[in-house]
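Heads up: the protein sequence lines correspond to chains A and B, in order. Going by numbering that gives the first Met the number 0, the first residue of the first sequence is number 0, and it counts up by one from there. Going by numbering that gives the first Met the number 0, the first residue of the second sequence is number 0, and it counts up by one from there.
Among the hints, erroneous ones may be present.
Stated by the list, open to error - Cross-link-like lysine to any residue pairs, in silico, SDA-like; alpha carbons within 20 Å at most:
{"id": "1", "chain 1": "A", "residue 1": "LYS329", "chain 2": "A", "residue 2": "LYS111"}
{"id": "2", "chain 1": "A", "residue 1": "LYS114", "chain 2": "B", "residue 2": "PRO299"}
{"id": "3", "chain 1": "A", "residue 1": "LYS204", "chain 2": "B", "residue 2": "PRO269"}
{"id": "4", "chain 1": "A", "residue 1": "LYS111", "chain 2": "B", "residue 2": "ALA294"}
{"id": "5", "chain 1": "A", "residue 1": "LYS164", "chain 2": "B", "residue 2": "ASP270"}
{"id": "6", "chain 1": "A", "residue 1": "LYS59", "chain 2": "B", "residue 2": "PRO269"}
{"id": "7", "chain 1": "B", "residue 1": "LYS273", "chain 2": "A", "residue 2": "THR166"}
{"id": "8", "chain 1": "B", "residue 1": "LYS273", "chain 2": "A", "residue 2": "ALA216"}
Note that these hints are calculated values from the structure, not bench results. Keep in mind the model is a prediction, meaning the values are calculated, not measured.
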Amino acid sequence: MKIQRLGLLASVAVVGSIALTACGSDNNNGTGASAGGSSSSSSSDCPTGTLNAEGSSAQKNAIDEAISSFQDTCSGATVNYNPTGSGAGIKQFLAGQVDFAGSDSALKTTEKDGKVEADEAAKYCGSPAWNLPMVTGPIAVAYHVKGVDKLVLTPEVIANIFNGKVTTWNDPSIAKVNSGATLPSEPIKVFFRSDESGTTENFTKYLKGAAPAAWTAEPGKAWTGKGEGKEKSAGVAGAVQSTEGGITYAEWSYAKDNKLGIAQIDNGAGPVELTGETVGKAIATAKADGQGNDLRLKLDYATKEAGAYPINLVTYEIVCSKGKDPAKAKLVKAFLKSFASEQTQKSLEEIGYAPLPDEVRTKVDAAIDALS
Amino acid sequence: MSSVTGVSLADETPGPHGSAPLSGDGAGTGRLGDRLFGGAAKGAGLLVIGLVTLVGVFLLWQAIPALARDDANFLTSREWSVDGAHPRFGIVELLWTTVTVSAIAMLIAVPVGVAVALFITQYAPSWLSRPAASLIDLLAAVPSIVYGIWGLRTFGPVFEPVQGFLQHRLGWIPLFSNAGISGGSTILFVGIVLAIMVLPIVTALSREVFAQTPLTHKEGALALGATRWEMIRTAVLPFGKPGIISASMLGLGRALGETIAVTIILSTLPDGSKWTFSLLNGGETFASRIANNAAEFDTPQKAGAFIAAGLVLFVLTFVVNAIARVVIERRKAFSE
């Protein structure tokens, strides 16, 4: 029995040491700027404290990156972001449980179930609530067709594909916009988001805005076209990767990670490839829909601007213009300033977002300065 | 000392050391321990019953306002639009998908599970039965999300040719007709993955029950000239039937409520798809529909509609368990 007891002790020791190796500092700063607290100038006016925020999952990767770079410069501050969904984020913000909310659509100004979101927020804050656009996430039309490296699509063709009207890859309407490419005759397999999603809402807004004759359904978080539903962007992107002839709409980073082909969109001014600059051009054409420092944007999905990629999603941070707690308000201001800074916005490009164009960024900076 | 009439002199005589009559000597009767344990057991039982009742009350309380505003027939409508002033939602599609997925899972898991349990207890040599039992129990330790990802990425592509064969050869049967859904995301496939998840539950409980079969019954059957299979059929299985039914009910509960694996694997259908009885179709179960939309419950009406769907699942599980209880009670006559 001595051998058994020795073996028992030895296995407990091995398991214990393996478990203890899991304890370690969680160093997930990909930028490598974390070398020993070498914070530039602002360490003296860095507020301390904890911020809690909740909301859209579309901006989760972007805000994680912004949080880690903010926490590098201001080591006394902690920011927590919980990607529970835009609806949940706004609900928690109105209930006073979080300091700001992330949402893929601005606070609604129309009545829903007897309440107007923007008015409720103003009531809660005691001052108007501002929607500050911080993250632009382009939506890629991703496909997986063997032998087709470049695919050009117009809004009408996209609408007909996702409507189920165009069913094979060598359909004449696709061939017309892709002269010279050999398209196979296999069926098109459409995948859509089975969960309610801001990506679906923005994609359907694009289809309705750019091809209203072909896409007649109202835009919304729930899918109204045809196809098979998969859960979350990871699910649709994975499904397209494993299905020959698959097509879907997903955030740019998912299309890139799964090595899917990304279609070039021809909105009327020639095929436009999806890059940071083309997205920025499209966001710059957006009209400001709010007053003063409430920077809600009305994206022009039918834009005929040359070199502008039109299918984009903008996520907003929703804050009280006059913060309820002065210390928290200072922290919110500092974090948002860091988030909107040119350096942070540039670093978002590697993870599949596009930096805010300069025109929008200066307006956002001005609004952040006006926060109190 | 008691007499025939029940009256005795000892009732009036004082006890030793001058204590009062019939007072006893204060030794412990064990009543305190009895009361404590009985009380704790009763308390635990009441707590569990209370919890289940509270869950039922919560579901009803959240669901009834939404149900009252439903314009469509809740039990027979296929629509699901829960926003706005005139919500129209019904659960017949969810009910069909949930029931078929669970039925396929149980049809596979129960026979296989019972067979494995019989193998472990009756046929296997003793050096094999314990490792085999641990291995089956290991299947229960795998988290549901791992089953979902495994089913989606690894097992799905393996199943696609099987589905192609079924559609091609047996497509004339309505159950296998082509519904345009890709291979590793159909009701049939999810049923198979669920069967693997439910298998360890059925096996573990059946194994325990079969091990309890009275040795005298088994030896009697063998002595009367039965072969091994006949002995199992006449002595072990009838004895274990209530246990098998209990095990299946627990497994069915898991299959009906399984959320994450179904959400990941099963393809959802767009609005307005044709109704089909095909097993090679996509869809949503109660649990996966709630999971897909839980992040966007922005109004009480919307949450209430989904909770009403959860309530139907609760009632369905309750009814199935009640039927199982009735069946078990009627079989009680066979137990020793």
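Hint check results:
Proximity of LYS329 of chain A to LYS111 of chain A is assessed by CA-CA distance (about 33 Å); at most 20 Å being required, the pair is judged violated. Our distance criterion of 20 Å between C-alpha atoms is met by LYS114 of chain A and PRO299 of chain B, whose separation comes to about 12 Å. Only pairs whose Cα atoms come within 20 Å are accepted, and LYS204 of chain A paired with PRO269 of chain B is accepted, the gap being roughly 18 Å. Restraint check for LYS111 of chain A and ALA294 of chain B: the C-alpha separation of about 18 Å stays at or below 20 Å, so the hint holds.
Between LYS164 of chain A and ASP270 of chain B, the direct Cα distance comes to roughly 15 Å. Compliance with the 20 Å bound is thereby established for this hinted pair. Restraint check: the Cα-Cα separation between LYS59 of chain A and PRO269 of chain B comes to about 27 Å, which exceeds 20 Å; the hinted pair is violated. Taken as a hint, the LYS273 of chain B and THR166 of chain A pair is honoured in the structure, with Cα atoms around 17 Å apart against an allowance of 20 Å. Pair hint LYS273 of chain B plus ALA216 of chain A holds up; C-alpha atoms about 19 Å apart against a cutoff of 20 Å.
Checked against the numbered hints given earlier, this structure breaks hints 1, 6; the rest are met.
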